[in-house]
Structures are given as structure tokens and as C-alpha cells.
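Fit chain B to the supplied structure of chain A, relying on the hints for placement.
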Amino acid sequence: MTSTARLDYPLHEHTLGNGLRVVVNPDHATPVVAVNLWYDVGSRDERPGQTGLAHLFEHLMFQGSTHVGSGEHLSALQDAGGSCNATTWFDRTNYFETVPTSALDLALWLEADRMRGLLDALTQENLDNQRDVVKEEKRQRYDNAPYGDLLVHLLDLAFPADHPYRHPVIGSMEDLDAAALADVRAFFSRWYAPGNAVLTLAGDIEPVDGFARVERYFGTVPAREVTASAPPGPLPPFAGTPRAEVSGAVPASLLTLCWRTPAGHTREADATDLALEVLGGSETSRLHRRLVRTDRLCTSAGASALGLTRGSSLGFTQARALDGISLDTVEQVIVDEIDRLCEEGPSQGELDRIRTQFEREWLSQCARVEARADLLSASATIDRNPDRINTRIVEYCSIGVEEVREAARTHLLTEHRATLAYLHTSSEGEDS
Amino acid sequence: MSQPRPALAPAPHWAFPEPERHHLDNGVTVLFYERPGQYVVSAGLVMPVPLSVEPRGSEGVAALTAATLDQGTSTWPGTAFADAVEAGGAVIDAGVGYAHAEVSMDVPGSRVADVARLFADAVRNPELTDDEVDQQRQIRQAHLQQQLARSADRAHQGLRHALIAPGFREQRLPGGETATLGAVTGASVRDHHRRWFSPTDATLVVAGDLPRDGLDALMAAFADWSQPEVGLPLSQPPTPQPSSAVIIDRPGSVQADIRWGWFTIDRTDPRWASLQLGTHAIGGGFGSRLNTVLREDLGYTYGVHLSNAPMRQGGMSYVSGSFRTEVVGRTLALLPSLISVADRPLTDAETNRARDYLVGVTPLRYATAGGLCDGVISALVAGLEPSYPDEQLSAWREVTAADATEAAAQLIRPDAGTLVVVGDADALEPEVRAAGWEPSVTR
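For the protein sequence lines, the chains are A and B, in the order given. Heads up, the first sequence is in the numbering used here, so the first residue is 64 and it goes up one at a time. Heads up, the second sequence is in the numbering used here, so the first residue is 8 and it goes up one at a time.
Next comes chain A alone, as it looks inside the complex:
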């Protein structure tokens, strides 16, 4: 297994008459099957005034359907020895369960019942209850957490007012309060059709058997037309260097620099990711070495990408300053390092290290049957090609020094950065 090797996970594809696309990846090492149902809808598809609806809707998918009681989907699968959950993101909503082979039919039946008949069980009581649960989730994960509003401020800086990626997936309390049954019904009717989904089975199942079972439970779900939202085009780089400053009861001041970068799942996005990796992907990266080890200005420093599929993604660097160190000092060091990368490009040694690390990380993801199923659904949806999981390492590792330098010079220029300074104002978190 080397960086140039293609992987050979066996894949089989089939499309049902109603448009549901099915991928089967047989793997008999353990008697479990990962079921992953990926709907091509996310917070990007919400209308103004309805932020948070895609995620609130995801919760309601667990509150019963034609033949399933409220809460029964999760309980029935857990009681059968399965683990089960769902997530909502800007670009998708995925529902997944990993079950012993004995419970595969139950899992498929439950998923089919809610794809067909969620609205049969939708009630005002369920909506009100899950609205409360989602508001508690928002409080727990964002409102009551240090830096919990960081993403909101970044999205505000990065996207224009009416842009589909401008608001966070969790939405606002006001919009959650305003969500009505009619909105939920309309959302289901518009997006939750078999032709807008990919169903992946990875694990202890043969393709013929897998396709037959999917046909049995999903084959009679009626087809419905789905019209995708109009995708936004790529955004231009930031005009100048927009800047925002916020302060709060956080343990350390945190500096985030941000760029508009190419839409994910493209070669240009990979080249930009590689540039971000050189800057801040690990403890050997330039920002960590300089800010944490050599200059001793920060307790952590890194870079990452928020990959989005439509128009533009975002690239970030992030650094936490030591007490008493000004963020302006930190920013100047980061700007110097980025200017140097744009000028000189990465070294071959840096690129080789990132490639071998990417190889291990990709293989580690594929090692988990449930993570592999999710990668397959993602590739089938976004790239229309699940086999991309087998060629991904080759593809990523074929990007060379010059291409990375070019991506940095095109997409990470410091004169087009946005800056968010998060300043700490209290001594929250002192040891007791």
C-alpha cells in the first residue's frame, strides 16, 4: 500500500424505478451492516426566516411515521443491537444506523416507512417537543459554550446577506420559534423524495441480496419530482481585508483568518487544502512551528477548510494567543508565513509528509464500515461516482509543489483575508 495505490473496495450500484440510488459495498469481516441514507438537502436550502428548519426536520424524522411510533425508530434499532443517528450540515442530511445482520431488514423497513409516510405521524405536539429539544441542543453546543458563536461571526464576515451559506445550520431561536407544521410538511414534500437520496449498505451483505431487500422495502415508495435550489456561483475574493472584533468570557484570545476558497470536491479545492495543510495541518506545520515552538506566542496554531459544494468553500487559519500577547502580533506572523508560502511554495519534503498523512487518515476512515458508508453516499451524491473512495489517495497525492503554490497565490492572498479577533475579557475557567 503506497501513496500511488488505488484501493479496491468492491462497489455495486443500482437505481430503483422511483429514482433511489443504491450502493452496496460487501465486507464480511464482521457480521454488521452500515446503512447510510443521504438526502441531498441541507441548511443551504432553507428560505429566509426558516433558518434551522432542515435540522429541526431531521429531529422530526425520529418522531414516528405511518407504522412507527414517536421515538420508536431509535429505540427499536438500539434494542436490536444497532447504533443509530443523523446529522444535518450545510449541504446534506444523513441518516445512518449500523446494525447486526439480523436487524438489516428492520433498519430498511424503518427508513422506508419514514421516507414514504413521515407526514402521517406529524403532530403539533411532536413539533413543539422537538423544537424545545433543538433549542436545548443550541444552548448546550453554542450559547453556553466558550467561542460558541464563533461560526456565526465568521459566516457573517464571509458570505453576503442573502447567501445560502450565510446562516449556521442550527438556525436562530426566532426562526425555530416560528417554524409551523405547514413549513415542515412543505419541506418534506419538496426534498424527501427517493430520487433525492442515496442509500448505501456497507458490510456483511452481498449485492444481489442487498438490492433485493432495498427493492422490497423502498420499491413502492412513490417517485416525486425534486427541483434543486438554484446554486450560487463562486464568490469573488474578499474586497480588501474585512475585519470584525468580538469579546467574551473565553479562556484565551483567538485569532481566525478566513478566505473564500474553491467549492469542495474539485482539484483546485484539494490544492488549496494542501496549502492550508502546509501552513497549519499538524505539529510539523509552519504556523505551529513558528507561533507555538519558536516564537512562543500561542498555545495552538493551525489551519483548516470548511468544504462546501456550491460556489465557494472557506479556508481558515486559527491561533490561540498566550496571555499578554496581542492578536496584532500573532496576525503579523501569520501574514508573513502566508506571504512566504505564496512566494516560495511548499518544499517537496512538506508535501511528501502531508501525502503520507493523508493516506493514513483516508485508510483509517475507510476502515470503519460506518464511515466508509458515509463516504460512499457523499461521493455518490456530490461526485455521482462512489468509486472515488478508491481513487481518492491517488488523486490527492498527484498534486505537486507548483500546483499548491499556485493555489495559495490564487486563493490565500493576505490582501484578501477576512479577520475575526475573539478577545477574552474574564478569567473564566480558573481551576478551583
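No wet-lab data here; the hints were simulated from the structure. Some hints could be false.
[What the hints assert, rightly or not] What follows is a list of derived Cβ distance ranges for each label pair:
id : chain 1 : residue 1 : chain 2 : residue 2 : range
1  : A       : Thr454    : B       : Pro43     : 21 to 27 Å
2  : B       : Arg450    : A       : Asp206    : 18 to 24 Å
3  : B       : Pro43     : A       : Pro294    : 38 to 44 Å
4  : B       : Asp141    : A       : Asp415    : 42 to 48 Å
5  : A       : Asp402    : B       : Arg440    : 57 to 63 Å
6  : B       : Glu25     : A       : Glu278    : 38 to 44 Å
7  : A       : Ala92     : B       : Ala14     : 22 to 28 Å
8  : A       : Arg110    : B       : Asp90     : 49 to 55 Å
9  : A       : Val309    : B       : Pro43     : 29 to 35 Å
10 : A       : His226    : B       : Arg372    : 40 to 46 Å
11 : A       : Ser389    : B       : Ser394    : 52 to 58 Å
12 : B       : Asp141    : A       : His226    : 27 to 33 Å
[Stated by the list, open to error] Some, not all, of what chain A presents toward chain B, calculated at C-beta under 10 Å:
id : residue
13 : Leu137
14 : Trp172
15 : Glu200
16 : Ala208
17 : Arg279
18 : Thr362
19 : Arg431
Note that beta-carbon positions come from the ideal geometry of N, C-alpha and C, so glycine has one too.
For chain B alone, coordinates are given in the frame of chain A:
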């Protein structure tokens, strides 16, 4: 139109894999689990050094030793070590638990032979310079501060502080706390490494799909490791403090993190399997008694759990959840009846569902090289056989509803336990008092 609800097929057979065993002359036991298709190999070198060997005034020295191991070795000084690890496609990590120290590595199977000596060098010959230790201490103190700024982590620390008697290391965070971390020096880290890192009683666990020369290289890298034999002290079993209630003030919080904990048992106690099924039915699963009422009926929380955290000797069990401040009083008033099995014994159906869940998820937990390696190490550091998951499956199958009820009644007592609430103390104190607790407030 739709199909009738399908019945469950008979559960598939599964058993925990058997390792290939080797014993090195210096005392290291090697357990190798060959897992075809697991292309990323996990290796873990585990030493049974308890944190109770740390001097009281410099707790955190073990964690700082672990954190500094990969910051340069005698063969690969300074940053050359991290460069070589990354170039080799590996990730090397080290950490401590209350009963052990561990150095672990993940790397594609084809590269194991190339990085085996790096892995062993981190264990055997770390530089541990004053400068590196100072820097790692500074980073850890900052991370600790960030950790304790999070309400849930603060609550977890608070429960440990209040529940376990202060004479025991288990009362405090495994990585050390602010006051004692400050006292750790380069010299104390080097001393800790010299005294306690030893092949005697160490175990090397390797799992995954790797060529034979990879395993040989790993064993060769540890074969000539010699260190004077260490006499590990006998650990005293921790004991609990008297029940109490504490509010930890976190001004401006919009939620309160609640922990209600009891000092309970470890995995060697005959009631362990019964307790696991009991706690799962009360607060483990989505359809548990606690979650059904507090989340699904009332919408008070995103999720509430009753969990067990066994130690080598004794353990903690606790209710945990985050609730908006306005409903904390009502939640505390409801909790005793929700956890009590005196009036509502666990039913056969509840016990069976808990068993079917725990049995059913076991194969997935050990399906990857990493999961398998972690599982084996977790058993070893608890003083159990590596095949412990098999024993656990058999034990779960024996538990009756009466057993689960009895274990819960003895150990999860509504009339006892220690309460910790983290949040806005001014708003919380009257609510906690109204629920019958007499809290002290930490500001």
C-alpha cells in the same frame, strides 16, 4: 403498499478474536491480532504504572512525561522526531490513565517496519529537555483552562472532587490540575520516566493487516530495552466522601450541567453485569426511563444519561445532562422517582432490551484495528484478561430483571449520592434548595 414490519433474524455468531502471544526476554508480553482488511495498524505499549506514584505536590508529572515523549529522542532530536513520524505516515500519541501509561501508534501496515524504531525510541529514549517540558506545561495549562471553561468538563471535575476522598489520586483529573502542574520540572519528568518506564509487566498490543516483517520489526525494537525492574506500589482502593451538594458558579450560563453521582463498583464485582443492564435501562439508551421523560416528553434537555465509569478498584456512576436554567428545579424534583427501582422494578422487557443492545453493539466496537487495540488495553489496565469482552457477553446473558433491579437498588440510591450543578449560582441556589438539597456554592 408497504411491507409488514420484519421480524429480527437470529443474532449472528461473534466471538472476540484470540491473539498470537509472544514473550520478550525483558518481560514485555506481545499480543498480536491479525485483522485482514484493516490496513491501518494500531499498536499500543502499555505499562501498569498507576498515577498514585506521582508526588502529591506535582501531580500531572506522568501526563507531562507522556506529552513530552514525542518532542524529540536521542536518535531523532527535537523536531526531527515529529518530521520522521509524519514522513513515515504514522501518528504517535501518549497518555495516562489512573492505572497505566500508554504510548500508541497508528500507521499503514506496509509502513510498520519503517517506523517501529521511532515508536520504541519515544518510549525508551525521549530527550525530555527542560525547555520542552516547560513548553508542554505551558500548553497543557492553557488546555486545562479551556477545558474547564466548558460547563460539562467543569461539572465532571466537580463531581470527582466531591465524590472521591481527597487522599486518593482518583479524586483529581488524570492530567493534573493547575496548582500541581506548575510544580512539574524537567528534572521531575526525567525522574518519572527513569523510575517507571520499564519493560517489566509491559504489554505491546498490535492489531491490523501487516506483513510479518512489520511485527518482527516492532518486537525487535523493544527486545533490547532494559531498565531496572520497578517495584510498583500496591494501590489502595479509593473511598468515597460523605454525600454532599455543590453549586459551581458559572455566571451568565443559560443552562446548568447536572451531575448526580454515586461511588459504585468496578468490573471485577459480581454485580457488574447486572449494574450495566440496570443503568442502561434507567438512563443508557434513547428509550431509557430518564430520556423518555426528560427529553421526549418534557423537552427539558438535548439528552440525559446514567453512566458507569469503573476504575481499577471501585467506580463512579452518575446521571448527567444539561438543562435550561428555568427547569433545573423541576428536573431535580423528578430525578429521584425516575431513577428509583423500588416502586418500579425493572421489567423483563427493559432488561432484555438493554441486554440486546449491549450484546448487539459489541462486534462493531471491536471491528477496527483501533477499536480492538483500545478494547484489549482497557481490559489489561483494569486487571482483566484481554478476552474480557467474551466474558462480558456471557455475563450479560445470565442477568435477570431481578438481578438488574437489585444491583440498581443497592448502588443507584435516590436517598444518597453527591450532586454537582454548574451554572448561574444566583438563579440555581433557590431551585436546588427547593428540591431538598443543601448546597454549598463555589464561586
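Results for each hint:
1. A:Thr454 / B:Pro43: 21 to 27 Å: Holds, at about 22 Å.
2. B:Arg450 / A:Asp206: 18 to 24 Å: holds (22 Å)
3. B:Pro43 / A:Pro294: 38 to 44 Å: holds (43 Å)
4. B:Asp141 / A:Asp415: 42 to 48 Å: violated (31 Å)
5. A:Asp402 / B:Arg440: 57 to 63 Å: holds (60 Å)
6. B:Glu25 / A:Glu278: 38 to 44 Å: Holds: the Cβ-Cβ distance is about 40 Å, inside 38 to 44 Å.
7. A:Ala92 / B:Ala14: 22 to 28 Å: holds (26 Å)
8. A:Arg110 / B:Asp90: 49 to 55 Å: Holds: the Cβ-Cβ distance is about 50 Å, inside 49 to 55 Å.
9. A:Val309 / B:Pro43: 29 to 35 Å: With Cβ atoms ~52 Å apart, the hint is violated.
10. A:His226 / B:Arg372: 40 to 46 Å: Holds - the Cβ-Cβ distance for histidine 226 (chain A) and arginine 372 (chain B), about 42 Å, lies within 40 to 46 Å.
11. A:Ser389 / B:Ser394: 52 to 58 Å: holds (57 Å)
12. B:Asp141 / A:His226: 27 to 33 Å: violated (46 Å)
13. Leu137: holds (4 Å)
14. Trp172: Status holds, d = 5 Å.
15. Glu200: Hint on glutamate 200 (chain A): holds, closest Cβ of chain B at ~4 Å, below 10 Å.
16. Ala208: holds (6 Å)
17. Arg279: Status holds, d = 6 Å.
18. Thr362: Nearest chain B Cβ about 4 Å off; hint holds.
19. Arg431: Cβ of arginine 431 (chain A) sits 6 Å from chain B, so the hint holds.
Comparing the model with each earlier hint shows violations of hints 4, 9, 12; every other hint is respected.
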